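Peer 1: Read off the chains here:
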Amino acid sequence: MSQIDFATFEILNEVGIITLDLPPGNYLPIPGFIPLKIFKQWIGSDHLKGLIIRGRGKNFSAGGNLEQLFKESGPPDTMQCLMDEGIELLNCIQNLEIPVISVISGVCFGGGLEIALASHIRVASENALLAFPEVSHNLMPGMGGTVRLPGVIGWSYAVNMILGGDIINAKAGKEMGLIDYIVPKDQPFTFALNLMQKMTRDRPLKVIKSIMKSLKNARTLSPEAAMAEETKLFCKLAADEAERRKTEEA
Amino acid sequence: MMIHWMIEGGIGHLKLNQPPSNTMTMDFFREMRDLVNKIKSAPGLKAIIIHGHGRHFSSGADINELLDNVDEQAMLENHRLFAQMEQFKIPVISAIRGVCIGSAFELALFSHFRICSEDAVLGLPESNFNLMPGIGGIQRVARLAGSAKAIEITLRGNTFPAEDALKMGLVDVVVPKGEVLPLALIFARELPENIDIEYRAFYLHKYIKPLNA
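Those protein sequences? They're chains X and Z, same order as listed. Quick note: the first sequence uses the numbering used here, first residue 1, plus one each step. Quick note: the second sequence uses the numbering used here, first residue 1, plus one each step.
Chain X on its own, in the form it takes in the complex (with noise of 0.2 Å):
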């Protein structure tokens, strides 16, 4: 296990585990609520093959602490410079190469919500409550929260969160797509981690890596260049596939 100030990483069963570990509300003290040097040594450690965020106590996470924000910012390129932190830590989050589950118990807000935006499935407890309440402190979004959200759940359901800043319950977040799956309350990490582990046990990391890999090519390169990409990670894995079949025999 593996502590920082505001969150713990430990490894389950070749799962990594990050709790954002500041009950009740888990606050994010700064946008980068985990140094991005610390994250990708957690992350590298031991061939991970899936990695499942949550909060610790009831909370996923309130967001962040605009009192301490707004007073460490000071000038605008302070602000920036933070805020570029969390959007670098995020952006890492989604581009990782094994799947990312965020589990969501509780209240979900702002930078909450960006963290679980940045994961690839969101698990939430019956009484979750998501929004991006920004707007009614004369804010927005700041870590691609209104870049991802659209993407998720349309424009005009994501235009209506982020302009209204209504809060939503988890039934509500799973009619828009917003959330994958709904459990009871004491059961999201258990179902979580059973999920992650029905993906992942029996598979090899390089099949893990080259199907995330796909998808991530889907958003980021042209159709024609990820149609290429793919055939190129298929035929890799059927070539060593094939390779060991013919050990195997020998």
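For the record, the hints were derived by calculation from the structure and aren't laboratory data. Please read all numbers here as calculations on a predicted model, not as lab measurements. A virtual CB, placed ideally from N, CA and C, is assigned to each residue, including glycine. Treat the hints with care, since some could be wrong.
What the hints assert, rightly or not - Not everything, but these chain X residues come out facing chain Z in the computed CB check (under 10 Å):
1) Val-152
2) Val-159
3) Lys-198
4) Asp-202
5) Val-207
6) Leu-215
7) Glu-224
8) Leu-237
9) Ala-238
With chain X fixed as given, assemble chain Z onto it according to the hints.
Peer 2: Only chain Z this time, still in chain X's reference frame:
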């Protein structure tokens, strides 16, 4: 012949013809390439229905043959071939009965619409063989069902029933197996001859969902 092609009343019937499981071999893909070129210049064709001979749609690629002949260029051509079918302006409808897994499911995912029997079994099981879906299946599932589902079903490699596929949006209509082909024919006749895949949701709501109601 691995593919049986027949035009009847302006509707092209593309039948996967290697019963019992209609395996997609290298010969299949060769025939498919010639057929797609032929279809591109076929006059008066107003829709295509893809289905399998006998009880099943298809169990997908012949994995042993595939592993003995890993050829990136050929694979990419197969991939482009499926993508060309998706770009056809006439509607392409997959009529799915029985087993439809692996590359066969990928072929169905490149069709514009999918009519499915209640007893159908679908899935992308490639990861069970230390492989991945190689002909665009991952992206198509992501587009229809979201990337979370794409990650889940491709990594788990589990097969699932028609009802689950319908819930995820991976098939459009589920009916008893005797009604799959007749319904596909009705859709083929009703749908406009000139469609744009961008507006799939519109056709689905205007033509396919009401007819099934």
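Peer 1: Can you name, in rising order, the numbers of the hints this structure does not satisfy?
Peer 2: 2
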